[in-house]
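Residue numbers (the working numbering), protein chains in the order written: chain A, 1 to 338; chain B, 1 to 235.
No lab work stands behind these hints: they were computed from the structure. Each hint should be verified, as a subset may be incorrect.
[What the hints assert, rightly or not] Label pairs and their in silico Cβ distance ranges:
| # | chain 1 | residue 1 | chain 2 | residue 2 | range |
| --- | --- | --- | --- | --- | --- |
| 1 | B | Leu51 | A | Phe53 | 17 to 27 angstroms |
| 2 | B | Ile226 | A | Leu207 | 45 to 55 angstroms |
| 3 | A | Phe53 | B | Leu54 | 16 to 26 angstroms |
| 4 | A | Asp164 | B | Leu93 | 28 to 38 angstroms |
| 5 | A | Ala80 | B | Pro235 | 29 to 39 angstroms |
| 6 | B | Glu214 | A | Trp332 | 35 to 45 angstroms |
| 7 | B | Gly211 | A | Trp132 | 32 to 42 angstroms |
Since this is a predicted model, take the numbers as computed values, not measurements. For every residue, glycine included, the Cβ atom is placed at its ideal position computed from N, Cα and C.
The residues making up each chain are set out below.
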Amino acid sequence: MVRSRRHHQPGALAGAVILTRLATAWALFQGLLIEALPFLLIGVLISAGARWFAPGGRWLRRLPSHPLLGPLTGAALGFALPACECGNVPVARRMLSGGAPLGAGLGFLFAAPVLNPIVIASTWAAFPDQPWLLLARPLGAVVVAVGLALLLGLVGEPQLLQADLLAERRLHQPLAAVGLLERSSGLVGAPPPSALSADSAPVRPPLAELMKHASQEFLYLALLLVMGSVIAALVQSFVPRSWLLAVGGAPTLSILALMLLALVVSVCSSVDAFLALSFAAQVTPGALLAFLLLGPVIDLKLVSLLGLLFRPRGLVLTTAGAALMVLLIGQWVNLWRL
Amino acid sequence: MTPPLLQRAALWRAASLGLWALVLLISSVDGRLDLLLRAVFHPLVALAGLLLLLVALLQLRLAFGPGRQERGDRRQARTLLLTAAIALLVLLLPPAPSFADLAGQRPRDETAESELSFVLPPAQRSLTDWVRLLRSQPDPKLFAGDPVRISGFVLPMEGESPQLARLLVRCCLADASPVGLPVHWPAGQAPFPADQWLAIDGVMGLRPAPGGGERLEVVPSRIRPIPRPARPLEP
Numbered sequence: 001m002v003r004s005r006r007h008h009q010p011g012a013l014a015g016a017v018i019l020t021r022l023a024t025a026w027a028l029f030q031g032l033l034i035e036a037l038p039f040l041l042i043g044v045l046i047s048a049g050a051r052w053f054a055p056g057g058r059w060l061r062r063l064p065s066h067p068l069l070g071p072l073t074g075a076a077l078g079f080a081l082p083a084c085e086c087g088n089v090p091v092a093r094r095m096l097s098g099g100a101p102l103g104a105g106l107g108f109l110f111a112a113p114v115l116n117p118i119v120i121a122s123t124w125a126a127f128p129d130q131p132w133l134l135l136a137r138p139l140g141a142v143v144v145a146v147g148l149a150l151l152l153g154l155v156g157e158p159q160l161l162q163a164d165l166l167a168e169r170r171l172h173q174p175l176a177a178v179g180l181l182e183r184s185s186g187l188v189g190a191p192p193p194s195a196l197s198a199d200s201a202p203v204r205p206p207l208a209e210l211m212k213h214a215s216q217e218f219l220y221l222a223l224l225l226v227m228g229s230v231i232a233a234l235v236q237s238f239v240p241r242s243w244l245l246a247v248g249g250a251p252t253l254s255i256l257a258l259m260l261l262a263l264v265v266s267v268c269s270s271v272d273a274f275l276a277l278s279f280a281a282q283v284t285p286g287a288l289l290a291f292l293l294l295g296p297v298i299d300l301k302l303v304s305l306l307g308l309l310f311r312p313r314g315l316v317l318t319t320a321g322a323a324l325m326v327l328l329i330g331q332w333v334n335l336w337r338l
Numbered sequence: 001m002t003p004p005l006l007q008r009a010a011l012w013r014a015a016s017l018g019l020w021a022l023v024l025l026i027s028s029v030d031g032r033l034d035l036l037l038r039a040v041f042h043p044l045v046a047l048a049g050l051l052l053l054l055v056a057l058l059q060l061r062l063a064f065g066p067g068r069q070e071r072g073d074r075r076q077a078r079t080l081l082l083t084a085a086i087a088l089l090v091l092l093l094p095p096a097p098s099f100a101d102l103a104g105q106r107p108r109d110e111t112a113e114s115e116l117s118f119v120l121p122p123a124q125r126s127l128t129d130w131v132r133l134l135r136s137q138p139d140p141k142l143f144a145g146d147p148v149r150i151s152g153f154v155l156p157m158e159g160e161s162p163q164l165a166r167l168l169v170r171c172c173l174a175d176a177s178p179v180g181l182p183v184h185w186p187a188g189q190a191p192f193p194a195d196q197w198l199a200i201d202g203v204m205g206l207r208p209a210p211g212g213g214e215r216l217e218v219v220p221s222r223i224r225p226i227p228r229p230a231r232p233l234e235p
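Chain B extracted, bound-state conformation (with noise of 0.2 angstroms):
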């Protein structure tokens, strides 16, 4: 006897392409993109979810149109099930990656070009942005001083304090890489945990580097934890 699934092939393609078309729809509004993507490639993902949407809904009319009850193979319905299957469980369990983790399994983004940092003022350039002004100038004593809001996630490092990071991503989290400033963490505050976001509000400040010399360090004077940005990604 042919099984139920095998017997309407195409409600079943139906909602198999449904359910990805719902995969990026639903990717695309509810901010999960902002967390995988970098923002050129959003709209792409939109319109292929509509395009998948627009052939579901006419593989459905094909399903209960007159005389068009199809009979597909098991190789099919295995394709059908597996890939509605997983379909579903990507829109049940959305991502929730660990930057730390993820930044502690990268190096560093070395990227030499300084953009326009130089022309903004020191408290609005973002963590970013005084990560590759401090690459292009290498002098610390240029900037000692210089006010800094920034915000971004604890990083745990080795062997030193934790670092407050970004993750840089060009095209999706798989090419993320981090870039990461040190702070003089106040004395006898307890540590903040890896991945926690936070605010800083400081200056920066000449300290004694971990391997001999000096280097820049954020010295806080206000630190305010908040939740994770909606689009934490930056390009």
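Just chain A, same shape as in the assembly (with noise of 0.2 angstroms):
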């Protein structure tokens, strides 16, 4: 095992190797932003893109609200939409504010992350001797997302989604399926009129105007990112990661730690794989399934954007519910494949 005599130097020296190691998490954060921002850009412009051609978002509202069907047609999106985590969040954003059914938006959100071409690609070439991962991280992906989605769905919009994004998916949600306390506007009573209702003709954003929205979200999330990185870095640079590998061959403590450390490295889906191949031989394959799941869901990066979204109780459950079934699916995985 590799380790500096640093930390053991007495006080004198303090100051200096904190000053080191400073430096050494300011190029971490940097490493991690700017790994992250050409990710974040894509998924600026999905979303710009998708305000573009359907304007009304129309085709949201007719993604199905069954709540199983729902999830699943939102992952089933990610096909389509070859962005990572941080790249998600706008685009699942879109989706929800355009009057998405919730399910969905949040099956996109949980799940399009893995389920996209790119992330799959990139997970068969980290680990082509592993076929079972490749079958067992996009299937797992979709349960965690669909848990997800049928466990948020309980807490209810009001409770679960922050209150703009909550105002704009009400503007593109038909009266009827607003409750009369949570209408900021139309007619009490009366049937909506045709021109107020969702179902009116959509108009095509202007050009500048469509610009102007999508460079304030990109400054705004890439904000949020510059948090995220911070935090992460600052994390990694401060606690040694061989405390997390320590336990690698225990089944459960394994998991745990894997997912422990999923959190705090927040590199973006498209790239942990190949993160993983460096620790793959040290861990359980629970463990190493684990980590390719929980990453993408939630980290210490994704924390602050997934706060654009959510309230925090959304945050608290979306963290606990994922945790708790990757834990269960990585246990299951041990009792399968040691």
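Can you join these two chains into the complex? Each is in its own frame, and there are hints to help.
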């Protein structure tokens, strides 16, 4: 095991060690940020493209709202939108604000970072000798996404979604679908006039308006990404990774350790398989799958981005629900593969 | 009264986007990416930089277009100022990581692949090739006496003398994992500081391992301090 002697040196050098570590954290931060920014840009451009090509987003409201079919359809949309989880947030936000059924939006948000051609190809490139993983990762991602969509669906939109997202979403939902107390406009009691209804003819936004919106969205998301990357870089610099991997051989502990590692490392789903390759030999198969399943749903870098969609309660439920499901899947895989 | 920033939101948006475009583009040309990301991602970063620059220029046109004076809100202004400041900070403070410090935090790379190392003549094997070869061929006697020409940075080790190491990166610096070779440092020579890059010529020699038994160590005939290579990370 390679270890530095530095942290055992006496206090006189502690300041220098901390400075060195901060310099390393600054480099880690830049690495995480610069790697994620292109994917974020892709996501924002896809979201802007959707606004341009389907201005009213009518197709979004036609997605199935069935508790199972909705998340499955959302997950399947991942194949058409090759973005990793940072890029997925603006697209999922666009879906939800455009009035897509909650289950479909959440299914896309949680499963599409794994169920897309780039991620499946990179998983295959990293683990060509483990075909089970190529099947287990997308399947596990769908199970987790459907589970999370069902769980979060129990909470109710007003308690789950951020206020401004909810307000935008209400604009695109038929008045009849919105409770009286939740309406911010419209006539009480009377049927909605056709001009105001969600099925009115969509207006394509002017290009300038579209670009302004996309620019503002990119900058705001970049700011959230910066916050997430700072936290991830600091935690990575000051918590030795060997602590997490020391329990590699123990079935349950190794899963928990790798889940924690996925939260901390915060690399995009399109490249996390290559990262997993470096420690695949040291950990149980269930732990390896847990790492590949949890990271795309939630990590330190994503928390602030997801805060754009969910209220704190939604974030806590997402983290707890995903962790529990991934732990169970990991345990099951260990029973099967060990 | 509306603050000046809010009166020209499009201009500030263009400036902020332009700064981020510069971060990506300058990183692509000044060698910074070689320190942060694996080479395969470099074109993606440059492309994203170009796209951002294009959007920034379009925003600029918007800012000076007729009758386009647009008023933003305070949240927008905060975002614009903060993102511009962060982009500026990233531009002005290039990364200067300590590889030894990073390596000390990480477990060793345990990749089992041996790839094409076998076909390379010993003197052409890189440090990483040697580490992978020795892992796939655990009998050290096979390589004793082979010539060695490697370069890497000095990595202090707990309880033994420093190794010569490299960082392997599959995506970005966040996933760097170290590989190292033990070196039989010449007696009487002052130890090299951590992070110092060295080029070593020598041979592989069998030496007693700290935990008992024997292991291969690089026995240097010539040690040269070198600057950090332009591409210090290995895939």
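Hints, verified against the model:
1. Taken as a hint, the range 17 to 27 angstroms holds for the pair Leu51 (chain B) and Phe53 (chain A), whose Cβ atoms sit roughly 18 angstroms apart.
2. The supplied range of 45 to 55 angstroms is met by Ile226 (chain B) and Leu207 (chain A), whose beta-carbon atoms lie about 53 angstroms from each other.
3. Between Phe53 (chain A) and Leu54 (chain B) the beta carbons are some 20 angstroms apart, a value that agrees with the proposed interval 16 to 26 angstroms.
4. The beta-carbon spacing between Asp164 (chain A) and Leu93 (chain B), approximately 34 angstroms, falls within the hinted interval of 28 to 38 angstroms.
5. A hinted range of 29 to 39 angstroms holds for the C-beta pair Ala80 (chain A) and Pro235 (chain B), which are about 31 angstroms apart.
6. Checked against the hint of 35 to 45 angstroms, the pair Glu214 (chain B) and Trp332 (chain A) passes, with Cβ atoms roughly 44 angstroms apart.
7. At roughly 36 angstroms, the beta-carbon separation of Gly211 (chain B) and Trp132 (chain A) lies within the given 32 to 42 angstroms, and the hint holds.
In summary, this structure violates none of the numbered hints.
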